[in-house]
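**Student:** Sequence:
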Amino acid sequence: MKQVMKQKQKIVCLLLALVMAFAMAVTAFADGTGTITIENATDGNTYKIYKVFEANGNGTNIVYTLVEGKSTVPAGFKKDVNGYITYDGSGTDGQLTADDIEAIKGYVTEADLIGTVKATGTTVTVENLPNGYYYITTTTGTAVTITSTNRDATVKDKNEAPVLDKKITGVGDGSFDADGKKALAEVGTKVTYTATIEVKKGAVGYVFHDKMDAGLKYNEDVAVSIEGSSVDEANYDDTLAAGDTITLSFKDDWIKNQIDKTITITYTATVTSDALTEVPAQNTATVDYGHNGYTNHTDEKKTETYNAKFTVTKTDDQKQPLKGAGFVLAKDTNGSSVYYKVTDNDITWVPKIEDATELMTTEASNVIAFTGLADGSYTLIEKTVPAGYNKAKDETFTIVAHNYEAANLIQAATVINKAGSLLPSTGGMGTTLFYIIGSILVVGAAILLVAKKRMSDDK
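Under my numbering, the first residue of the sequence shown is numbered 4, with each subsequent residue one higher.
Honestly, the hints are just simulated from the structure, not real lab data. Zero decoy hints are in this set.
Think about it this way: if two alpha-carbon atoms lie no more than 30 Å apart in a straight line, the pair counts; the simulated DSS-like pairs of lysine-lysine are: (1) K220 with K170; (2) K184 with K204; (3) K322 with K421; (4) K304 with K204; (5) K355 with K334; (6) K334 with K396; (7) K203 with K304; (8) K185 with K344; (9) K121 with K214.
Cβ-Cβ distance ranges computed for the label pairs, FRET-style: (10) D102 with A237: 25 to 31 Å; (11) N131 with K305: 37 to 43 Å; (12) A410 with T125: 38 to 44 Å; (13) A390 with G173: 43 to 49 Å.
Please read these numbers as outputs of a predicted model, since none were measured by experiment. All residues carry an ideal CB built from backbone N, CA and C; glycine is no exception.
Please put together the full structure from these sequences, using the hints given.
**Tutor:** Next comes the structure, spelled out in structure tokens:
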């Protein structure tokens with residue numbers, strides 16, 4: 004009898020030690036039911052609680068038996084002739100081995116599921132749990148929980164969600180904000196993105212997703228590194244998921260060895276749209292993580308890319324539309340001017356005005372627009388003047404960096420041409436003198452005829 008009691012006491016000591024050793028611990032309630040409160044929970048995580056063994060305790064000693072319907076025990080445990088279960092693994096100092104944990108993971112089934120709860124904050128409580136030896140899975144990792152004789156148990160989830168960040172880190176022609184979330188970029192400009200993933204405890208099922216709007220064209224140049232060293236492509240799969248621009252699925256056997264390290268992902272896209280004034284092109288990244296059929300997602304990290312336009316309305320001095328006017332756009336670069344040229348929706352800046360793209364007003368429309376612009380100082384120049392009109396003065400405007408208000412991104416001007424007037428001429432009187440002389444002669448001839456007729460009548 005004493006030998007049996009000593010054996011039971013050894014089991015209790017081992018189990019109590021295991022309570023302190025593992026990431027999460029659960030109560031074996033002496034009477035009825037109780038609760039498990041999980042602290043340090045990850046918001047959005049799903050926790051599934053499985054009963055591995057039945058438990059019965061008197062406040063000091065605990066005995067374990069098979070759950071109804073079970074006939075075997077997982078590797079690392081054994082059942083004696085009385086049906087009581089004891090630990091038989093190679094774990095020491097109150098700790099199960101990794102093989103023991105895997106054995107329990109494979110031992111439980113959905114029939115052993117006692118409760119499922121999704122965290123909506125950093126603390127979650129599971130209520131009305133019967134006495135038992137429990138196994139808890141989470142979507143960020145797995146922990147085996149060992150029983151105690153307390154009615155209500157509090158455990159900590161030491162697994163953590165990955166931390167994702169995503170920034171614009173370079174713009175070929177334009178500017179980006181200090182936090183890397185917004186940029187003003189010219190059409191044809193290459194924008195560089197950098198995403199970072201902090202690998203956390205319980206890392207499993209990490210999948211990086213990136214989605215680009217139609218205003219951006221991915222340049223298929225993704226590069227992956229960790230702590231400054233390039234990551235071998237064998238450690239991730241780049242098979243594209245539906246709706247993604249980039250998908251990187253990291254291998255579990257690699258990611259689990261990168262705890263507390265930072266993965267850096269860099270890639271570029273070219274701005275293809277010249278209509279990003281009020282509705283920017285977005286680039287959105289997320290990371291999936293988790294296992295056991297439950298997948299969590301980090302919060303989305305978005306960047307926004309804008310460009311600007313300048314619209315010209317051409318009229319005469321009577322406010323009537325005027326065709327036949329041609330404009331070019333100059334940009335100030337360190338005190339000298341370069342000129343707007345657009346080819347296949349790509350903007351370049353040329354040193355000669357003769358090589359610039361000239362936009363013309365027509366019969367159909369007296370409105371033109373220079374689009375896809377980045378921040379900078381600009382001058383509108385009327386290069387072709389409609390016949391019969393005077394050249395309009397140059398118009399200057401500025402698109403301010405880091406200002407994404409419509410008033411800055413959508414600017415306009417009405418350019419008026421005044422009709423030309425006849426200038427005074429120099430030289431002789433021209434035909435005017437002949438008209439005067441001719442008139443005098445006609446009048447004189449008439450007077451002469453009248454006089455002759457009177458003289459004839461007097462005779």
